[in-house]
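Residue numbers (this note's numbering), protein chains in the order written: chain A, 1 to 171; chain B, 1 to 79.
Warning: the hint list may mix true and false statements.
Stated by the list, open to error - Computed list of lysine-lysine pairs in DSSO-like fashion (alpha-carbon distance at most 27 Å, straight line):
(1) A:K38 / B:K58
(2) A:K33 / B:K58
(3) A:K33 / B:K57
(4) B:K58 / A:K112
(5) B:K57 / A:K112
(6) A:K38 / A:K112
(7) A:K33 / A:K112
(8) A:K38 / B:K57
Keep in mind the hints are simulated off the structure, nothing from the lab.
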Amino acid sequence: MANRLFSAPRLAPLLVSWEIASHVGLQFEIEAKRDGAKFIEAEHMLLALAADPDSDAARLLTESGLDHQRLASALHEEHRRTLAFAGMTAPNNGLVEATELESSLSLGTSAKVAVRRALIASRQDRPRRPRLRSTDLLFGILQAELGTVARALAIAGIDRAALMSRARGSE
Amino acid sequence: MTPSPLDGPADGLAAASALRAMADRLEDAEVERAMRAGWSWSQVAEALGVTRQAVHKKHLRRLLMAQIELRRRNGESAF
């Protein structure tokens, strides 16, 4: 029940803009804004899934040792390591604080790709009832072999492929 | 073969992406700071090395939201 986030048709607009309104959807945006990002990316979706204790995706993440706090720490470390490669450290947030636009954030490329992959998986697994579940979205996010999420999971010592299989296999 | 998400080119590509995002945030913050300090659009554009129109297009909406008093080209208040 809690696993069925949105029906597939309502997710279609997600591919071009951020229009759905559910508590998890809103959480995507909260996570992105907290990160100071201009777009919702896959890592913000992952954080939002982890933040929703009722979702099956959060249960799978927690079972793998990834609660919201640990995930946020892993992403923070990924950012630190990435900047260190360029000889930089993250600036003090107060120094780069700009007024935020009040409008909704759009999906960034990594988030669009994750949603597309989630939709494909849900249609393949349940062609008669292709409602998108939180575990579909988790699967879609984890499919990216490179990029911020894959890097953060590798830093945290999480077996991304194993977690992906569990997300796909869950019912 | 799937390359490792860490090390080698993966670190460098991630850094390029992170720096781009950081540069965007820095520009937003510093344009806002300059305009609060009374800089004109032309001065901000010159400092950034872009056209006045480009700065205007990219930042006007946010600066209006921040309720910053913006100057016209002749130095008078725009609002």
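To see whether the hints hold, each was checked on the structure:
no.: 1; hint: A:K38 / B:K58; result: holds, 13 Å
no.: 2; hint: A:K33 / B:K58; result: holds, 19 Å
no.: 3; hint: A:K33 / B:K57; result: holds, 22 Å
no.: 4; hint: B:K58 / A:K112; result: holds, 24 Å
no.: 5; hint: B:K57 / A:K112; result: holds, 26 Å
no.: 6; hint: A:K38 / A:K112; result: holds, 14 Å
no.: 7; hint: A:K33 / A:K112; result: holds, 17 Å
no.: 8; hint: A:K38 / B:K57; result: holds, 16 Å
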